[in-house]
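One-letter residues, chain by chain:
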Amino acid sequence: MSCNEKRPVPADYAPVGKPTWPSQVLALVLRAYPADFRTRYGGELTECANEARQALGSASRFAVAMFWAATLADIAQQAVREQLTSFVQRVAREDTARGGTARALLGRGLGVLMLAGAASNVGYDFASVHNSMGILAMVLTACSVLTGSWMLWPRQRRAST
Amino acid sequence: MPKRSPEAELPLTPATFHILLSLADADRHGYAIMHEIALRTGGQLRIGPGTLYGSLKRMVAETLVEERESAGESSDERRRFYRLTPFGRLVAKAEARRLEALVQVARGVRLLKPLSV
Numbered sequence: 001m002s003c004n005e006k007r008p009v010p011a012d013y014a015p016v017g018k019p020t021w022p023s024q025v026l027a028l029v030l031r032a033y034p035a036d037f038r039t040r041y042g043g044e045l046t047e048c049a050n051e052a053r054q055a056l057g058s059a060s061r062f063a064v065a066m067f068w069a070a071t072l073a074d075i076a077q078q079a080v081r082e083q084l085t086s087f088v089q090r091v092a093r094e095d096t097a098r099g100g101t102a103r104a105l106l107g108r109g110l111g112v113l114m115l116a117g118a119a120s121n122v123g124y125d126f127a128s129v130h131n132s133m134g135i136l137a138m139v140l141t142a143c144s145v146l147t148g149s150w151m152l153w154p155r156q157r158r159a160s161t
Numbered sequence: 001m002p003k004r005s006p007e008a009e010l011p012l013t014p015a016t017f018h019i020l021l022s023l024a025d026a027d028r029h030g031y032a033i034m035h036e037i038a039l040r041t042g043g044q045l046r047i048g049p050g051t052l053y054g055s056l057k058r059m060v061a062e063t064l065v066e067e068r069e070s071a072g073e074s075s076d077e078r079r080r081f082y083r084l085t086p087f088g089r090l091v092a093k094a095e096a097r098r099l100e101a102l103v104q105v106a107r108g109v110r111l112l113k114p115l116s117v
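Chains as they are written, first to last, in the numbering used here: chain A, 1 to 161; chain B, 1 to 117.
Simulated from the structure, these hints should not be mistaken for lab results. Incorrect hints may have been included.
With a cut-off of at most 16 Å between alpha-carbon atoms, the simulated EDC-like pairs for lysine to aspartate or glutamate come out as follows [stated by the list, open to error]:
hint, chain 1, residue 1, chain 2, residue 2
1, B, Lys113, B, Glu100
2, B, Lys57, A, Asp125
3, B, Lys93, B, Asp25
4, B, Lys93, B, Glu9
5, B, Lys3, B, Glu62
6, B, Lys57, A, Asp36
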């Protein structure tokens with residue numbers, strides 16, 4: 001193509017300085033990311049998406065629309081994942097700073113559930129002690145009792161043993 | 001810091017393995033990684049920017065890859081490049097061996113043609 005030849009205009013072309021609708025949506029979706037991710041990777045991510053769009057050249061409006069739909073969906077999906085990861089890390093960090101209260105409560109709750117489950121199985125275990133399923137049920141009940149007791153055991157004493 | 005085993009990182013997600021593969025022969029910036037993956041897989045696998053940077057963030061945290069700032073003047077050289085760490089290379093090799101073993105199993109049960117000698 002010579003320099004004088006008129007180049008086809010991309011479907012989502014906008015004059016320099018004027019933001020295109022995909023870049024506006026992209027900026028909006030980026031706001032869904034945790035601030036640290038946005039600060040660190042936001043610029044690169046935007047540049048990468050724009051370059052991928054440029055690589056399409058003067059594709060049809062449909063192809064461009066499909067590209068932006070897929071790209072924005074991918075970015076939005078990852079935003080949810082990053083928010084979840086960030087939330088879990090924050091909760092764990094705060095819990096560690098408070099001495100692990102939430103984890104201790106969760107552990108005790110699970111311990112109570114396991115002991116309650118084991119207690120409700122005892123009747124079945126004794127009733128069906130003569131068949132193989134009964135023996136398996138007894139083994140599972142015993143495991144539940146041991147694990148549940150271990151979870152309810154105070155942490156300081158657990159650490160010293 | 002305790003020494004980590006590459007096998008402990010397996011199995012890798014397809015995105016992670018392809019990113020490691022694309023960085024095995026050269027340092028690349030984000031778009032170049034995406035482009036390389038699309039090229040190597042004949043367009044069958046296209047990683048979006050969200051998946052790419054989410055994976056890169058985790059891979060940097062797990063020291064599979066590291067960032068390299070470029071002091072170049074051109075717009076391409078000013079970007080942030082990513083490169084494989086020695087541990088990342090070991091993990092990529094371990095994953096390749098794991099996949100090779102799987103393919104051999106598939107050959108054993110005749111899901112794939114045996115290799116011609």
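Hinted pair, alpha-carbon criterion (16 Å max): lysine 113 of chain B, glutamate 100 of chain B. Please report holds or violated. holds (14 Å)
| Satisfaction of hint between aspartate 125 of chain A and lysine 57 of chain B, Cα-Cα up to 16 Å | Violated, at about 51 Å.
Taking only the CA atoms, is the gap from lysine 93 of chain B to aspartate 25 of chain B under or equal to 16 Å?
holds (13 Å)
Holds or violated: lysine 93 of chain B with glutamate 9 of chain B, Cα cutoff 16 Å? holds (12 Å)
Are the Cα positions of lysine 57 of chain B and aspartate 36 of chain A separated by 16 Å at most?
Roughly 11 Å between the alpha carbons, so the hint for lysine 57 of chain B and aspartate 36 of chain A holds.
With a cut-off of 16 Å on the C-alpha distance, tell me whether lysine 3 of chain B and glutamate 62 of chain B pass. Status holds; Cα separation ~13 Å.
Consistency with the previously given hints fails for number 2 only.
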